[in-house]
Amino acid sequence: MDAQLKRGVLDVCVLAAIKDEESYGYQILKDMSPYVVMSESTLYTILKRLETARMLTVRTAEHNGRLRKYYRITESGLARIRAFREEWREMMYMYRFITRGEREDV
Amino acid sequence: MCKREFLDALRARLAGLPCEEIAERLAFYAEMIDDRIEEGMQEAEAVAAVGSVDEVAKEIIAATPFHKIAKERVRPARRLVAWEIVLLALGAPLWLALGLAALAVVFSVYVALWSVVAAVWSVFASLAACAIAALPAALFFAVGGHLWVGLAVLGAGLALGGLSILAFFGCRAATGGMLRLTRSFGLGLKKCLMKKEKRQ
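If you read the protein sequences in the order shown, they are chains A and B.
Position 40, counted from 1, in the first sequence is what this note's numbering calls 40; the numbers after and before it change by one each time, with no gaps.
Position 157, counted from 1, in the second sequence is what this note's numbering calls 157; the numbers after and before it change by one each time, with no gaps.
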């Protein structure tokens, strides 16, 4: 997959992981792992980028005697997910056109 | 490897990055390791799951913008005294000129390498253009009564077409190679700018 495209999609994947409730780093990786495998470094970079873009907020809370960061999606992040779904709907129409008449394994 | 050893080794490998950046990264990885331990993993297993120190350090350095590393490198380790500032200002015509000259040399070499790639693409474009032009030319000669000349031109056009296809693969390889070299050079430059760990 094109690197730029993949980067944008991974950003939305992380937003989707915190769409319904706030979450923390390791839980985000676990939730995504059946679909996308990501390294801790990549996740850190994405979370930083999303925080700078104000698509999520971060709070630090104590958990079992240590500190843990929790990430919560913002309205801007939800809007990004909605925009992504619309973009991919259009992409699917184009995909169906490109693969029309072809066998599934082509 | 235990968590403390991993974090200490990672901190040493990241020397040269801004302190806040190092602290945040280490806190992130510590949290990831602790979460895995809380889930039931052994400490060594949890540390291994986040990756080796080398892999992690390489990813972090690659992801850190160049300007952050350069800014940290030029920042003096301690506050400069008055005479040092004066000396720095007086010496500026020398060190600034030398620095710019060195940058210019590096940039010139880089541009020269890309010029070679551009030349290879020009060869491909010329071969392809000649191959395409040979078709109407061959037709012109054949219709004009010079059948053998037309066939010769057609044959030459096909040969040039074949060469252009080979040249295309060469161009693609050369361009890919230069892009990989650029990425490696960028990473190597970042590593050069980062301070080396002082041996204790």
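To be clear, the hints were calculated from the coordinates, so they are not data collected in a lab.
Treat each hint with caution, since some may be false.
[As the list claims (entries may be wrong)] Reference listing, derived: stretches of chain A covered by chain B, where coverage requires no fewer than 3 residues with Cβ under 8 Å from a Cβ of chain B:
(1) 15 to 24
(2) 40 to 53
(3) 61 to 68
For every residue, glycine included, the Cβ atom is placed at its ideal position computed from N, Cα and C.
Hint check results:
1. Counting residues of the stretch 15 to 24 of chain A whose beta carbon lies closer than 8 Å to any beta carbon of chain B gives 1, which falls short of the minimum of three for the stated coverage.
2. Against chain B, the stretch 40 to 53 of chain A contributes 5 residues with a C-beta closer than 8 Å to a partner C-beta. That satisfies the three-residue criterion, and the hint holds.
3. Given as covered by chain B, the stretch 61 to 68 of chain A passes the check, having 4 residues with a CB less than 8 Å from a CB of that chain where 3 are the minimum.
The structure is inconsistent with hint 1 alone, although it conforms to all the rest.
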